[in-house]
Structure formats: structure tokens, C-alpha cells
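Let's have the full structure, built from the sequences with the hints guiding it.
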Amino acid sequence: MKITWIEHSSFLLELPERVLVLDYFGKTRLPLPANKPVTFLASHHHADHYDKAILEHGTDQIWYVLSRDIFGPQDEHHIKVKPHQRYELNGMIIETLKSNDEGVAFMIEVDGWRILHAGDLNDWHWEEENDQDRQENEVLKRRFDRELERVAGRTFDLAMIPTDPRLNDGYNRGLLGWAKVCQLGWIAPMHTFGENDVIDRLLQDPACAELRSRILDLRKGPQVLEDPQR
492 MKITWIEHSS FLLELPERVL VLDYFGKTRL PLPANKPVTF LASHHHADHY DKAILEHGTD
552 QIWYVLSRDI FGPQDEHHIK VKPHQRYELN GMIIETLKSN DEGVAFMIEV DGWRILHAGD
612 LNDWHWEEEN DQDRQENEVL KRRFDRELER VAGRTFDLAM IPTDPRLNDG YNRGLLGWAK
672 VCQLGWIAPM HTFGENDVID RLLQDPACAE LRSRILDLRK GPQVLEDPQR
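Numbering (my numbering), first residue to last: 492 to 721.
Incorrect hints may appear among the rest.
What the hints assert, rightly or not - Cβ-Cβ distance ranges computed for the label pairs, FRET-style:
(1) 636 / 563: 30 to 36 Å
(2) 622 / 551: 50 to 56 Å
(3) 659 / 568: 19 to 25 Å
(4) 573 / 632: 20 to 26 Å
(5) 622 / 698: 42 to 48 Å
Just so you know, the hints here were simulated from the structure itself, not pulled from any lab data.
Computed from a predicted structure; not experimentally measured.
Glycine is no exception: its CB is placed at the ideal position from the N, C-alpha and C atoms.
Pasting the structure below:
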């Protein structure tokens, strides 16, 4: 698999027989590889995860898997998804979790790969200034933990997980939560809002020491990942 980090939470995954584009947003057309079917997946409607411009690529060997909160067409090429469901599409199995913010997280089985794109499902622990802030953090944490309970024990060969620098010291809480209950192969940090030096912080963070060798630094450009079946 060739993985390209476009920006923020947007990735292009090129497999031998297909291409996946996850949470793309932007105003220019993507340079999609020729002669391969393409599936766009969008976890929710937020402007940093979805842009209706993707629909301009049409439906010739192109499919769209969109969270149901995204307005737009719904037909055999435009599939609307909701949380806690299982879908089969073109030889892929796509399962969804419920985000504790908006929309869904994606779990994808495709061509021997088990892939997680967490969307906005994260341990959103914001700085607390009062009791209301504390209570809101507790609600978000309970919702996050409830989703992790559903997938405890699973293995993901590639996991794209938020490491949001706006959370300050809590930037890695979500990643550590996933790593506690699931087996993670390659890890692609995301949801960085352009503050991509958060990857350096991850690589130097003692709390992430056991994960360090699996954290991808995609600032350097696309990387080719080994087939997990080898």
C-alpha cells in the first residue's frame, strides 16, 4: 500500500487494485491514479473532513461512502452510512463506529488490510476552567470508552488517529486509548490543523515509546507500507 497524507485528516491510500481517499477537503481536484476504481470516504460534514468538490469526480468507477449527516445524493454510487453498521462494497467490508463529536469512524477490511480511520472519534479532553468544562470532558470520555469497548481486541494494520495539538498535554490521549485495547500496526497521526511538528512531539514522548517504531512521519511524503499478509 502507498499512503499519502494530503493534510489534516485527509489521506490517499493506493492499493494494487483500488484507491481509497479518506476525509478529503480542498478546492483542487486530486491527481487520482488512472485505471483504478476509487472510493471516497467522509466521516462527517465538518469542513475539515469533507468538501462537496469530491462529487465533481463523477461516478465512472468512483464510489462515495458518506456519513449520513452529509447532504447530497444517495444511490448505488453514493452510500450513506450510520454508526454501528456493516457494509459491503466492491469486495470491501466497511464497519462504522459512532463518533463522540460528529459522524462516524471507519473500520475497513480491504485486500488483506485492516484499516482504521477514526474521524473525530477521540478522547477530547479540553482544558477545564469550570465544572461545566469538567462535566463535558467526562461525557466525551464515556462516549469514547464506550466505542472502544466495541472493538477491544481487534487488530488494525494501519490506524489513522487524531493527535490534535489544541488539546495540549492531552494530544495523545486518544492514541494511547486505542493502543490500550487494540493491536495497532502502522500509526498515522492526523487532525493536526497544520501544526505538524506534533509528530516530533509524539516521536519524543516517553508515553508513546512502545509505539514509536510504528508511527509514520508522512511529512516527508508518501510511503509504501508492507503487505500485512507477508
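Beta-carbon spacing of residue 573 to residue 632 - inside the hinted bounds 20 to 26 Å or not: With a Cβ separation near 23 Å, residue 573 and residue 632 satisfy 20 to 26 Å, so the hint holds.
For residue 636 and residue 563, compare the CB-CB distance with the range 30 to 36 Å and indicate the outcome. Hint holds: Cβ distance 32 Å, inside 30 to 36 Å.
Outcome for the supplied range 50 to 56 Å, where the beta carbon pair is residue 622 and residue 551: 55 Å, holds
Taking 19 to 25 Å as the stated bounds, is the beta-carbon spacing between residue 659 and residue 568 within them? Taking Cβ atoms as reference, residue 659 and residue 568 lie about 42 Å apart, which means the hint is violated.
With respect to the beta-carbon atoms only, verify the hint that residue 622 and residue 698 lie 42 to 48 Å apart. Given about 28 Å between the Cβ atoms, the range is violated.
Checked against the numbered hints given earlier, this structure breaks hints 3 and 5; the rest are met.
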